[in-house]
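Trainee: What follows is each chain in one-letter form.
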Amino acid sequence: MTLSAHVVVQRGSLAVDVDLAVGDGEVLAVLGPNGAGKSTVLRVLAGLLTPDGGRVALDGDTVWDDDATHLPAHRRSLGMVFQDHLLFPHLTVCDNVAFGLRTRGARRAPARAAAAAWLDRVGLEGLGDRRPGELSGGQAQRAALARALVGDPRVLLLDEPLSALDARTRLTVRAELHRHLAEYAGSAVLVTHDPVDAMALAGRVVVVEDGRVVQAGTPAEVARRPRTDYVARLVGLVLLPGTGHGTTVQLDGGGTVAVGEEAAGPVFVAIRPASVSLYLQRPAGSPRNVWPLRLAAATPHGSVVRCDLAGEVPLTADVTTTSFAELALAPGASVWASVKAADVAVYAR
Amino acid sequence: MSGRRAARRLVPAVLALALTGCGSGGAAPAADGAPTGTVTVFAAASLTGVFTELGDQLAAEYEGLAVQFTFAGSATLATQVLQGAPADVFASADPAQMDRVADAGLPQGSPGVFAGNVLEIAVPAGNPGDVGGLADLADPDRTIALCAPQVPCGAAAERLFAAAGLTAAPDTLEEDVRAALTKAQLGEVDAALVYATDIRAAGGDVEGIAVPGAADVVNEYPICALAAAPNPAGAAAFVDLVRSADGRQALAAAGFRTP
Amino acid sequence: MSHRSGPKSRFWPLGRGDGGVPVPLLVPAVLAVGFLVLPLVGLVVRAPWRELWPALASPGVGTALRLSLVSATAATAVSLVLGVPLAWVLARSRVRGRPLLRALVTVPLVLPPVVGGVALFLVLGRQGLVGQWLFETFGLTIPFTTTAVVIAETFVALPFLVISVEGALRAADARFEDAAATLGADRWTTFRRVTLPLVAPGVAAGAVLCWARALGEFGATITFAGNFPGTTQTMPLAVYLALQSDPEAAIALSLVLLAVSLATLVLLRGNWLGRAGVTP
Chain A
24 MTLSAHVVVQ RGSLAVDVDL AVGDGEVLAV LGPNGAGKST VLRVLAGLLT
74 PDGGRVALDG DTVWDDDATH LPAHRRSLGM VFQDHLLFPH LTVCDNVAFG
124 LRTRGARRAP ARAAAAAWLD RVGLEGLGDR RPGELSGGQA QRAALARALV
174 GDPRVLLLDE PLSALDARTR LTVRAELHRH LAEYAGSAVL VTHDPVDAMA
224 LAGRVVVVED GRVVQAGTPA EVARRPRTDY VARLVGLVLL PGTGHGTTVQ
274 LDGGGTVAVG EEAAGPVFVA IRPASVSLYL QRPAGSPRNV WPLRLAAATP
324 HGSVVRCDLA GEVPLTADVT TTSFAELALA PGASVWASVK AADVAVYAR
Chain B
10 MSGRRAARRL VPAVLALALT GCGSGGAAPA ADGAPTGTVT VFAAASLTGV
60 FTELGDQLAA EYEGLAVQFT FAGSATLATQ VLQGAPADVF ASADPAQMDR
110 VADAGLPQGS PGVFAGNVLE IAVPAGNPGD VGGLADLADP DRTIALCAPQ
160 VPCGAAAERL FAAAGLTAAP DTLEEDVRAA LTKAQLGEVD AALVYATDIR
210 AAGGDVEGIA VPGAADVVNE YPICALAAAP NPAGAAAFVD LVRSADGRQA
260 LAAAGFRTP
Chain C
2 MSHRSGPKSR FWPLGRGDGG VPVPLLVPAV LAVGFLVLPL VGLVVRAPWR
52 ELWPALASPG VGTALRLSLV SATAATAVSL VLGVPLAWVL ARSRVRGRPL
102 LRALVTVPLV LPPVVGGVAL FLVLGRQGLV GQWLFETFGL TIPFTTTAVV
152 IAETFVALPF LVISVEGALR AADARFEDAA ATLGADRWTT FRRVTLPLVA
202 PGVAAGAVLC WARALGEFGA TITFAGNFPG TTQTMPLAVY LALQSDPEAA
252 IALSLVLLAV SLATLVLLRG NWLGRAGVTP
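Residue numbers (my numbering), protein chains in the order written: chain A, 24 to 372; chain B, 10 to 268; chain C, 2 to 281.
The hints are simulated quantities; they were obtained by calculation from the structure and are not laboratory data. Hints may be right or wrong, so weigh each one.
Reference listing, derived: stretches of chain B covered by chain C, where coverage requires no fewer than 3 residues with Cβ under 8 Å from a Cβ of chain C [claimed, not checked]:
1) 146-157
2) 168-182
3) 188-196
Ideal Cβ positions, reconstructed from N, Cα and C, are used throughout, including at glycine.
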């Protein structure tokens, strides 16, 4: 069971042109900012939106192509989970889960039995007689997952399945979703704008920006070596493009950064905010990476304060609350920033 | 010339009012003053053609006088007059509706009958139902429209059938004579029993078949000026014109019986 | 005015606390209620109560009332069968010329009903475009039959249902239909099992409006169906004709029509519309 697709859609000013391939038992995360076109891609896969071109194949069978094959949504073997669950308000939870079985010809009793079994699997035993409105957000999303999976579809599509949940519920539902996805034999596509969902749930990540795939790889690769500002911000890195000359990188925006390994040609430099140190005076000794910068903004972030620094090399530094207090910095204040060359990642553009 | 004719009309009007003893309330105009302004006439729908003609005639005679009409069913008009509608003249196609107004003491003087109407059979052009006389309106196989017994033409139709010893076989009892005529005009009924004047006004759409005995159930049209008339002089002038020789001639030309 | 506000607010729960109605809304709302209710009060006050019972006991009244209820209900049923699909087409389909279609559907709302009746003649009458064929082929005539009453009432009342249901469909979240499609439901199944239950309150409201309009229908009915007791004389026709000869009887008949329709609407609201409030 493999999903492969080339999706071309023109929606207003957004031109979507995305290639996807998902293998059996694989979970692919489509990560991107709002409006990047990732939900559009998902709707095309589901058959809810007619693309302007391309091809969609499920298990080797083409379900949509430019020419003649246009299989409507209800005849594709897939399950879909929506952001706000979309359980039918007029049906009980059990009938919601049984809905897909009934439309595909199952009799009422066996459909209900299968639905009840799935409700047990997602931890909703005994709640089948309730109306969706009587469930909590997390329970409703579990029911929606059961509804999508009960027919054993070849493809599972998840459209921001966790983003409508509060932080605490999201944590538990994410863990359960991880368990169900691990057991799932088909191909799953998860659309999300939350890198944590992508990292936790997917085996592979595709980053979509402005309708194009800008990066693809395992979650670890993407997290370690982001290729766009968007991904870098998501994974908490500062990304600086430049040109490598030995162990020095000449930044496109001006200034240089010393790096731990040799680099040549167009490269990205990635710096973790936690590895940046701040000083009121130019630090003693001779660290190779030291820049006089200005504090543009400071935001508390758990036990650290995230300092956005402006100057020749724009950086972000995470300093402990205690250090920040000792520095007694006010926005606009001058400060020295340094980072060890060994803590700077460099990779080809 | 028109001034002299006006004076000639005005004198009998004043006399008539004085003779009937209803001159109180200053309804009579000054002897040398011609009626001016707007006179509002509430008249039964069957009078539409002939009254419009007479209204034009009156307006041509008196400079500065305009005649405004409201044509509707007599019952509707009577109700409006009873509710204080600002009418100068009320002409009814039904003495019973005039009685409602008279019982409330609203007429200026006692109402008088100025015209009568008789029933005739209206058939669509070409007479597709092959209707020959009143007996065919008692045939259940034909589609027949009569007026409802609550309205004057329906009451007259009941009397006509009773006099002829027939039981009518209507398919519909219309709310007024115009509605009955319309069904014949559209060819939806084989025959409708309506007023002779309506058939004449309908032109070539329908053909009329005279009914023997219809003259015995004449429907009478009373008219009166109203005591609360905003324009008493105009009201008197119009009523007088209707009852004059000119008025009778116009009514007769439209198919009405005149006293 | 102000010195009365104390006792007023005590006797006027609308003016208090969380259920309070802002004065700019309260005053016009009260005026609107007065405007709508006072004419009814007039009917009740002026009703000839002593003669009411004899007037109502006459067999013609029962016949007219029964015919009114039966034909209004039949017209509502026909409107549901035809109008809900039309509303769906207007709200959901991508058929071309929908704005024009929508405008055409609302024509009976602006057309004087009597003209509507004449228009029905021109189509379904003995000489009409379709009626002539029916008459010549099957010997079938529609005017002056109870069927004609139902047709006239449907013609006038159907737009109310279509507009209500289309509004409900537009307000309903179409993504539920997407969800149903991903669960294997074709468009017809989706309509039956998802869309229709979701817009049930709108359909019910539209049906009630449609029924009420059909019950009060006069102009198109008397024109197209005529007036004959037991066959085509509905209550509004009986009221109108009574008004020609006996206004007091007309008031009595109006009160009967009012009482019956009011009772029906209150019952429906309590047992059906109120319960159908589905919230997604």
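Trainee: At least three residues with a C-beta closer than 8 Å to a C-beta of chain C: is that true for the stretch 146-157 of chain B?
Mentor: holds (count 3)
Trainee: For the stretch 168-182 of chain B, do three or more residues have a beta carbon lying closer than 8 Å to a beta carbon of chain C?
Mentor: holds (count 4)
Trainee: Taking 8 Å as the Cβ threshold, is the statement that the stretch 188-196 of chain B is covered by chain C upheld or broken by the three-residue rule?
Mentor: holds (count 5)
Of the hints listed earlier, there is not a single one the structure fails to meet.
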